[in-house]
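Residue numbers (my numbering), protein chains in the order written: chain A, 134 to 575; chain B, 518 to 748.
Because the hints were derived from the structure by calculation, they are not lab data.
Ideal Cβ positions, reconstructed from N, Cα and C, are used throughout, including at glycine.
Any given hint could turn out to be false.
[Unchecked claim] Label pairs and their in silico Cβ distance ranges:
1. 488/A / 732/B: 53 to 61 Å
2. 215/A / 686/B: 22 to 30 Å
3. 503/A / 572/B: 43 to 51 Å
4. 553/B / 488/A: 56 to 64 Å
5. 361/A / 608/B: 23 to 31 Å
6. 732/B / 301/A: 31 to 39 Å
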Amino acid sequence: MLLIALLLVQAAGVARAAEAYEPTGEVPAPRSQVKKEKPAWYTFIQPQAELGYLTAFRLLDKTWTLRRAYAEVALKLPVDLSKKTGSTLTFNLVMKAFLEFVDNSTGTAYRTEATGEFRAANLKFQSEKLAITVGAQEIAWGETFGFHIADIVNPRDLTDPLFNDPEWQREAVVALNSQLLLESWTFQFIFTPFTRDSDFASPLGFFPVAEPPPEPTSAKFRRFGRDTEGGFRLGHLFVSGFDVNAFVYSHRSRNPAFQLGVGPSGPELFPIDLRVLSVGMSGSYAAGDFVFRGDVIHHSGIPVTAEDLGSPIVQNQTQSILGIDWTLAESQWTFGGQYHADFWSRGSSRTPRGLVSLHAISGRVAKPLLDGKLLPEIFVYQGLTARDRWIQPRLTWFPWQGLSFSLRADFVEARSSVRLEDGVLAPLADEDRVLFWTSLKF
Amino acid sequence: MYRFLIAAVFCSNVTAFALTPDEIIQRADEIRNPSESYLMKVRITGNDGDPAVFEVQLSGNNRTLIKTLEPVRDRGRDLLMLNEDMWAYIPNLKRAVRVSLGQKLTGQAANGDISRMRWSGDYAPSLEKDSATDWQLLLKATKKGLTYEQVRVWIQKKDFRPLRAEYLSLQGKPLKLATYQAYKPLAGRERPSEIEIKDAVRSETRSLIQIQSMEIRKIPASAFQQSNLGG
C-alpha cells in the first residue's frame, strides 16, 4: 500500500512538472571549480595509498583483542605495446605494512609487532583476446557474499575468522594466471608453483597452533612438486544474460583442521595439510532489479579435525549457496537473501557412513544515505539445522574525500540448545565484539 | 558561379529533406562521439555530494567500462556494461559482482547517460516536427534494459548537432531533460563537451556531465570481460 501511495505521489509530481517545464538551455555553473590537472607522472604510475587503524573490543571479557595500524601503497606502471592492437603491459605493485599492538601477559602494557607483505607484485600482459598475469596476485572466484565458498585459489588468513573481508583474508600467491577471453567464452588457466600456508586460529584456546617449522633452502625446492597448485575455469555468457563458470582446482586444504602433537613448548595443534581437488560452478543472472547468483563446489579429500584430536578424518564435502539480490533503482535500497546447504560424509571418504547436511539462510540489507556518504548495512546468517546465528551490523561514514570511519559489531550464537546441535560457528560463540575501523585513502 | 551556388544550396536542401529519421540520428551520433572505440574522461557535478570523475572506455554501443577516479572513496569501483548486463568491481572483494542496471553511478546521471552514447541501434526514431532550424524526433527503445524507454531529441539542421533531449517514461512522461552544450574540438571534430541533465520533476536537481577529454584509441576486447576487471 505504501509503495502504491508513493508511486501515486511520484506520478502526480511528474505530471505537474511536465506541465510547468519549458526547456531553457541555460547553462548552470558547476558547484565546484575544476581541479588542476594532475602531473603526467602521477597519471602514468597511478599511485594510491591508504592508512588505517583497526581496533576490536571483545564483549565477553571486555578486552581489546585487536589493535592494528596499517599502511598500503599501490602503483601501476602501464606501457602501451601497440597502438594498433591496444596491447599493454602493466606492472602492478601493492605493498602492505602492519603494526600490531599486542598485549603482554600482564595485560597492562603492549608490545608492537611490525610485519609487511606484497599483496601484488606482478606483470600483466593484455592483448585483444589474452590476459596473462605473472607474479604475486589474488585471484577471486565465486558470486555469492558472506561466505566465499568458491574463492579457493588463494590461501587464507583465518586467524580472525569474524573479519571475513576477502581483501584481508586472501593471501597473495606467486602464480601464472592466463585468460583467453573470447566474445562470450572465457578460459582461465592458473598455475601456482609455490604456495603459501594458510594461517589459522586455534579452535581450542588452551592449545596454541604450531608455527610451520623453518625449513632449509633445499626443502623449499622439494615443495615445488608437492605443493604445486593449479586448475582452470571455463565461463560462458549466454545471450540471455546467464553467466556461468565451471572450474576445477587442485590445491592444499584451505579449511582449518588440526592434529595434536608435541612441539618445542609442549602440546600444540598442528595444521593438517592435504591435497584437495575442488570442482564447482558459479552463475549469475540479472532480471530487472533482481540479480540471481549461486555457487556450488565439491571438495574431494578434505581434512577435518578428529574429536580426539588424533589423525584427521578425510571427507568429501559439497557446499552450495543460492542467492537473490533486489536493488531499488530510485532509493538504492539493496536486499539480499541466500540459502546455504552443505553436505559431507559422516565418516571418512574411504569409509562413508551416511551423509550429514547443514542448512542455513543469510540476508543483507544496505541503503546509502547522504549521497553515499553514510552506508548502514546489516548481514545476518541463521542456521536452520544447527544453532548458528551471526549478526553483523555495520555503519560506514565517509565525511571527506577518502576518509572513512566504520563501526561494526559481530554477534555470534552457536552453542547447542535443546533442539539444535552446535553450529559451524561454535568456536566463535564467545567472540562477540565491536570493531572500529578508520582509514584514509589518497 | 551563381548557378553552381544555387545548385549546391538546392542539393543540400534536397539531401536534408531526403534524410530518413534513422539517418538523422546516425549523423547526430557521429557528432556526439566517434564511431571507433574511444576513451574519455568525464566529470559529473551534481547539486549534492562530491564531484565524480570517471574514465570511460567505449567500444561500439554495447561495451562500456567505467573506471571511477574520484571521489577517492569509490576509486577502484569499476563498472562494466555488456549489452544489458552489468558488473561492478568491488575493491574489497577484489572481484566483479553482477549487479542490476538500477545500480547508480552518481546523482542525477544514470549509468546510461555516460555508458550508452549512441541512440542509433538502441532506439527506433520517428520525426515529430520539422521546423526551419531543427528536427524533433521521438526515439523508442528497441531493446529491453535501456535506462530510458523513450527519448525526444532536437537536432540542429545545419550541422546535425543534438541540442537537447527529453528522457521519457514508457507512458511518455518526462523524467529528465538534457541539454547538449559547450561544443568544442574533441577527438577530431566539434562535439558537445557538456551535457546538463535536469530532473523533470525537481528542476533544481541537476547534474552536469563534462567531457574533459576524448581520445580515439584501440581498446582490446579483453578489457571488456567481467573476469578481467580490476587488473
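Tested hints:
The given range of 53 to 61 Å is respected by residue 488/A and residue 732/B, whose C-beta atoms sit roughly 59 Å from each other. Range check, residue 215/A to residue 686/B: about 46 Å between beta-carbon atoms, so the 22 to 30 Å window is missed. Between residue 503/A and residue 572/B the beta carbon distance is about 26 Å. The supplied range of 43 to 51 Å is therefore violated. For the pair residue 553/B and residue 488/A, the beta carbons lie near 57 Å from each other, so the given range of 56 to 64 Å is met.
The beta-carbon spacing between residue 361/A and residue 608/B, approximately 30 Å, falls within the hinted interval of 23 to 31 Å. At about 37 Å, the CB distance of residue 732/B to residue 301/A agrees with the hint of 31 to 39 Å.
Consistency with the previously given hints fails for numbers 2, 3, ordered from lowest to highest.
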